[in-house]
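Please model the entire structure based on the sequences and the hints provided.
Chains Z and S supply the protein sequences, listed in that same order. Quick note: the first sequence uses our numbering, first residue 6, plus one each step. Quick note: the second sequence uses our numbering, first residue 2, plus one each step.
Hints were generated in silico from the structure; no laboratory data involved. Be careful, since some hints might not be right.
[Stated by the list, open to error] Now the stretches of chain Z that chain S is said to cover, found in silico as 3 or more residues with beta-carbon under 8 Å:
no. : segment
1   : 120 to 129
2   : 134 to 148
3   : 186 to 198
4   : 253 to 262
Every residue gets a Cβ at the ideal spot worked out from N, C-alpha and C, and that includes glycine.
Residue-level listing of the chains:
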Amino acid sequence: MIRFYKHRFIYFTISLCLILFGLVAAFINGIQLDIQFKGGTILKYTYTDTIHAEQAEEIVEQAVGQNSNCLLQSNLAKDEKMLAVSLASNEALTSREQEAVTAALTQAYPSANLALSESLTVEPFIGKQFFTKGMIAIALSFLLILVYVGVRFKNIGGLSAGAMAIVALFHDAFIVTAVFIIFKIPINDSFIAAILTIIGFSINDTIVIYDRVRENERLQGRKTPPEELVDLSVNQSMMRSVNTNLAVFLSITVVYIFAQIYDIASIRSFALPMMFGTLSGCYSTICIAGPLWAMWQKHKQAGAKIAKA
Amino acid sequence: MNSKPVFFITVLLTAALFCLSLFGMKLGDFEIKGAGQMRYGIDIRGGVEATYEPRDLGRAPTDNELEAARAIIETRMDAKNITDRDVTIDKNNGKILVRFPWKSDEADFNPQKAITEIGETAQLSFRDPDGGIILEGTDVSKSSAQLSRNSSDPVVVLELSKQGAKKFSAATSRLVGQRISIYMDDTLISSPVVQSPITGSSAEITNLESLEAAADLSNKINSGSLPFSLVAKNCNIISPTLGSNALGVMVMAGKVAFGLVCLFMLIYYRLPGLVACIALTLQVTGQLLALSVPQFTLTLPGIAGVILSVGMGVDANIIVSERIKEEMNAGKGLFRAIDAGFEKAFSSVFDGNITVIIAAIILIFFGSGSLLSFGYTLLCGVIMNFVAGITASRLMIRSLSNYKALQLPQLFGARRAAQ
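This is how it looks when you write it as C-alpha cells:
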C-alpha cells in the first residue's frame with residue numbers, strides 16, 4: 006500500500022512548483038491570443054522553390070500597405086513548404102485585399118507554384134465576441150459541474166469532499182492552461198474544448214475515490230482515522246484511475262503524434278494540452294484531493310476534541 | 002436470460018451494425034448513408050465560410066435589404082455553378098453567413114476572387130429583345146410578391162420611380178406582345194411578355210408558378226436598388242487538398258488508437274477486456290451512425306472527439322473489471338462477483354458520464370463550427386457508452402460466464418485461489 010497521506014507534502018510541493026512554473030512562463034511568454042480571438046488575417050500558401058521571408062513581407066506591405074509577418078514552415082510528412090503571412094491590424098483584410106496579396110506574391114515569385122491552402126480573417130470585434138463566449142462557456146461548465154458535484158457529495162463527504170474536488174478541478178484546468186502558455190500555443194477554441202473536456206472528465210476520478218471512502222467508512226466504522234481511510238480507498242481504486250487515464254492518454258497521444266507528423270495545427274494545439282490534462286487529472290485525484298481531504302477531517306476532529314476538553 | 006447464446010447474438014448484432022455504419026444501406030426510399038458519405042465540414046472537404054455585411058452602411062440593414070442581398074448571393078452562386086451551398090441570414094446582427102465547398106477538381110478556382118465577386122453591387126437591368134437597356138435597378142423603387150387581387154394568382158408588383166415610370170411607359174407601348182428580359186449582372190432572371198402598355202407608376206409580373214417563386218423574383222429585383230455592396234470581414238478558406246490529407250491522417254490515427262486501447266484491455270483484463278473491445282466497437286458504430294443518419298457535419302475536431310471517447314469509453318469496463326477482480330479475490334463466486342461488480346460500478350460510471358455530458362452540451366451550444374462537431378461526437382460517445390459499456394458488456398460477460406471453460410478466475414485477472 007502506498008502511503009499517500011504520509012508523503013502529502015511532497016505532492017503538494019510538486020503541484021505548487023508546476024503552478025509556479027506556469028505563472029513564470031506566463032510572465033515571460035505572455036498569453037497569446039489566436040487570430041480567432043483577437044482578430045486579424047492569416048494567409049497560408051504552399052510553395053516550391055525558395056522564398057525569402059523578409060522580401061515577402063515587403064511585397065505584402067506594398068500590396069496592402071500593412072505590416073505583415075511572414076513565416077516559412079516545412080512539413081515532416083509532405084514534401085511541401087508553407088508560407089504563412091499574418092497581418093494583425095485593427096481592420097481585417099477584405100477578400101479584395103487578400104486577392105491583392107496573393108496576386109503580388111504570385112507575381113514576385115512566378116516559379117514558386119504559390120497556391121493558397123488556407124486563410125482566416127476575423128474582425129477584432131467578432132474575435133472579442135468569440136472570446137467572451139468561450140469564457141462564458143468555461144465559467145458555465147465549471148458552475149454546472151460544481152452544482153452536480155455538490156449534489157452528489159451531499160451523500161459522500163459533504164462540503165469538505167466537494168471543496169477538495171473543486172481544488173483538483175482548478176488544478177487540472179490550470180495545468181492545461183499552463184501547457185498552452187509554456188508551449189506558446191495561441192489561445193483559440195481548442196483551448197475551450199480542452200478545458201471543458203478535462204474538467205468534465207477528471208472530476209469523475211475524484212468522485213470514484215470519495216465514493217470508495219464512503220464505502221470503507223461504512224465497512225470499518227467511524228473509528229478509523231481519516232488518513233488510513235483515504236490511503237486504503239486511494240490504493241483500492243488506484244489501478245482503475247491509472248488505467249482509465251492511461252487509455253485516454255494513449256488515444257489522445259496517438260492523435261497528437263499523427264497531428265504533429267502531418268502538421269494538422271487545429272488538432273495538435275488541442276491534443277497536447279489534453280495529454281497533460283489527463284496526467285494532471287490522474288495525479289490531482291490520487292495525490293492531492295485524497296490527502297487534502299484527510300487533513301481537513303483531522304483538523305476538524307482536533308477542533309472537536311479541543312472543544313470537548 | 003443468462004443463456005449462452007446472448008454473447009454471440011450481441012457480437013453478431015454489433016458486427017452487423019458496424020458493417021451498416023461503414024457501408025450504409027438502401028431499401029427503396031429508406032437509405033442509411035455509409036461512412037464514405039459523411040457530411041464533412043470545410044476543414045475536411047475544403048471550402049469557404051464567409052460572413053458578409055453591408056459595406057460602409059451607417060445603420061443596420063432592414064430585413065428586406067438582407068433578403069435582397071441573399072438573392073444576389075444565391076443568383077451569383079447559381080451563375081458560378083455552386084449548388085451545394087448554405088446561405089443564412091443573421092437578422093439580429095445584420096449579417097449573411099455563406100458556406101460553400103471548394104471542390105478538388107476545380108484547380109483554377111480562386112476562392113478569394115469568388116468571395117469578392119459574390120458581394121459586389123448587383124447590376125439589375127430590364128432589356129428589350131435587342132439588348133437595349135430599358136430600366137436599371139435604381140428605377141425600380143420597390144418590388145414585392147403578392148397574391149393578385151383579381152385572380153389570387155401570385156404576382157410580383159413593381160413600384161417604379163418617376164423617371165422609371167416614364168421610361169417604362171415608352172418601352173411597354175413599343176413592345177406589346179414581345180418579351181422584356183430582366184438580368185442580374187449577366188444572368189437572366191425573368192423574361193415576361195408585355196401584355197399591354199404600362200403607363201402608371203406600378204407594374205405587375207404575372208404567370209408565376211407559386212408565391213415562393215414570386216418572392217424569389219421580387220427579392221432579386223429588389224437587389225438592383227440595394228444601397229450597399231457586401232463585404233466579407235470574417236472568412237475562412239481551406240483548400241481541398243489540405244483537408245483531404247488531414248482526413249486520411251485522422252482516420253489512421255483513430256484506427257491506431259482503437260487498436261492500442263483494445264490491445265491494452267485484452268492484455269490487462271483478459272476476458273472482460275475482450276468484452277470491452279466488442280463494446281467499444283459498438284460505441285464507435287453508434288457514433289458513426291449518429292453522424293451519418295442525420296448527416297451531421299463532421300469536422301477534424303469531431304474525429305478527435307470520436308477517438309477521445311474511445312479512450313474514455315473503456316472507463317466503464319475498467320471500473321467493472323477491477324471490481325469483479327476484487328470481489329473474486331475477496332472470496333465471492335464468479336456470478337455474484339460479476340453482479341456486484343456491475344452494481345457497485347454503475348454509480349461511478351454514471352457520475353463520470355454526466356459530467357462529460359455537461360461539458361459536451363456546453364460545447365455544442367457555445368462552440369462555433371468545428372467545436373460543435375467535437376461536442377456532438379463526444380456526447381454521442383458518452384450516451385453510447387451507457388448502451389455499450391454497461392448494458393451490452395453486462396449481457397456479454399454474464400453470458401460468457403456460463404461456459405465452464407471460461408470460469409477460471411485468472412481469466413478475470415483474479416488470484417487462482419479464489420474459488
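Hint by hint, where does the structure go against what was stated? Just the numbers, ascending.
The structure breaks none of the hints.
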